[in-house]
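Trainee: Residue strings, one per chain:
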Amino acid sequence: MIRVVLPPHLRTLAHVRGEVMLDVPGRVTRGSVLDALEAKYPMLRGTIRDHVTQQRRPFLRFFACERAVSHGPPDAPLPDAVVQGTEPFVILGAIAGG
Amino acid sequence: MSRVRVLVGTRKGAFILTADGKRKQWDVSGPHFAGWEIYHVKGSPADPNRLYASQSSGWFGQVIQRSCDGGKTWETPGGGVTKLPDGTPAGESNKFVYDTSPDTGNPLTTHQWYDGTQHPWEFKRVWHLEPSLTDPDTVYAGVEDAALFRTSDGGNTWQELAGLRGHGTGPKWQPGAGGMCLHTILLDPSDPRRMHVAISAAGAFRTDDAGKTWRPINRGLHSQFIPDPTAEVGHCVHRIALHPSRPNVLFMQKHWDVMRSDDAGDSWREVSGNLPTDFGFVIDVHAHEPETIYVVPIKSDSEHYVPDGKLRVYRSRAGGNEWEALTQGLPQRDCYVNVLRDAMAVDSLDACGVYFGTTGGQVYLSADAGDNWAPIVRDLPAVLSVEVQTLR
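These protein sequence lines map, in sequence, to chains A and B. The opening position of the first sequence corresponds to residue 1 in the numbering used here, with each subsequent residue numbered one higher. The opening position of the second sequence corresponds to residue 1 in the numbering used here, with each subsequent residue numbered one higher.
Don't read these hints as lab results, they were simulated from the structure. Hints are supplied without guarantee of correctness; some may be wrong.
[Said to hold, decoys possible] With a Cα cut of at most 27 Å, we get these calculated BS3-like pairs of lysine-lysine:
no., chain 1, residue 1, chain 2, residue 2
1, B, LYS24, B, LYS310
2, B, LYS72, B, LYS24
3, B, LYS95, B, LYS72
4, A, LYS40, B, LYS310
5, B, LYS124, B, LYS12
6, B, LYS24, B, LYS95
7, B, LYS172, B, LYS124
8, B, LYS72, A, LYS40
9, B, LYS172, A, LYS40
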């Protein structure tokens, strides 16, 4: 199972507490994790990536094993620790505004 | 006994204020959607327990919320783990995609940017939700960048009424300081094919065929801040209001100037009269007196607060021109709040209640048509919108 950490507002929107556990078929990449997340929690569609362009929303970033994985290709494999479920895939909102 | 339900959108969540017909004792629920900007919440005239809310955030974009029990519980339409026949998730309630298809008019991809160049249309948020007068599953949404969308499945999916952007003047529209938003949607209760909308900064528009075709209705408007002050489009209309018994009479608060039309917008004349300043955002009409209207003058377009530190609602009982200041119960010193365009509403009880919210977080009520005012709440986040439901 893939572990995903959502920002607090998206946890509220998805009616979940703590980490989200996902079955991700095939290669575990940023794109496939987000596909699985949106399939299980459709209310999150459009809140992390644009509906049409699939581009990451500008104030969000992705991390895995304390490394930023926001900017690479979406089909690049995520670290083994994320694939094995020992580390989470983290979606983080920018700290900005008041 | 009648009750009232006040739906308040703020910078940091929604609040629902309820009272019986006396409007003395209030229950306050919220914040709903805490931490999110709630531009608008509105109930269906056809089913008052059906509410829609526009929830948005710079981080997470647009979300549409729906309640079927008067705001006790909420859901994102289509947000459950249901699937369409092809197996894809059904959650598209926040998908607002501009129509660029060649089949539905004139695909339009750019409007005028601040510097005069052309700029692509980019969806940002829903400013205003206007439920159908007859069908609780049909709602119109006015969005930024300016366009009109409609759902007919309770908010699950939204389709653009592309004839508005495509009628020809779209490339001349430009954003105001607050963005290029479609903020006013007026449905004509006597003619389901007729609808008025207003856009900052483009002007007012009308359809007479249920949204297929549109035309500007800005004749008589005069705006000093545009190269041609009487241009067909480019006017920064802040709000339009009508009384349901006389849908051809429209009242407008423009960037500057309070205006009136007696021919459904075909022509306008100024009725600012003796107002201390004719800049402002809100305008509304008494529930039982179609010639009684309300505005809240704001000092200027560069000083968005009430003049002289005094919060004053102005009422005209003559449909404009002759205005009286309503001050009883409102702060008359050291007050520097604004009242935004969607933040005034009226109930339809026998003694018409008038409500407005401020950027200082107060929601004021006058239960006697404006003579006396008192705050219902006074420490909410900045108020973006106020709507009232009269429940029989």
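Trainee: Taking the hints in turn, state whether each one holds.
Mentor: Quick rundown of the hints versus the structure:
A threshold of 27 Å between alpha carbons decides the hint, and for LYS24(B) with LYS310(B) the separation of about 25 Å falls inside it, so the pair holds. Between the alpha carbons of LYS72(B) and LYS24(B) the distance comes to roughly 22 Å, so the proposed pair stays at or under 27 Å and holds. With a C-alpha separation of about 25 Å, the suggested pair LYS95(B) and LYS72(B) falls inside the 27 Å cut-off, and the hint holds. For the hint linking LYS40(A) to LYS310(B), the alpha-carbon distance of about 53 Å lies beyond 27 Å, and the restraint is violated.
Taking the CA atoms of LYS124(B) and LYS12(B), the gap is about 18 Å. The hint holds against a cut of 27 Å. Taken as a hint, the LYS24(B) and LYS95(B) pair is broken in the structure, with Cα atoms around 41 Å apart against an allowance of 27 Å. A distance of roughly 19 Å separates the Cα atoms of LYS172(B) and LYS124(B); the hinted pair therefore holds under the 27 Å criterion. Of the pairs offered as hints, the one joining LYS72(B) and LYS40(A) holds, with about 25 Å between alpha carbons and a cut-off of 27 Å not exceeded.
Between LYS172(B) and LYS40(A) the CA atoms are separated by roughly 43 Å; this puts the pair beyond 27 Å, and the hint is violated.
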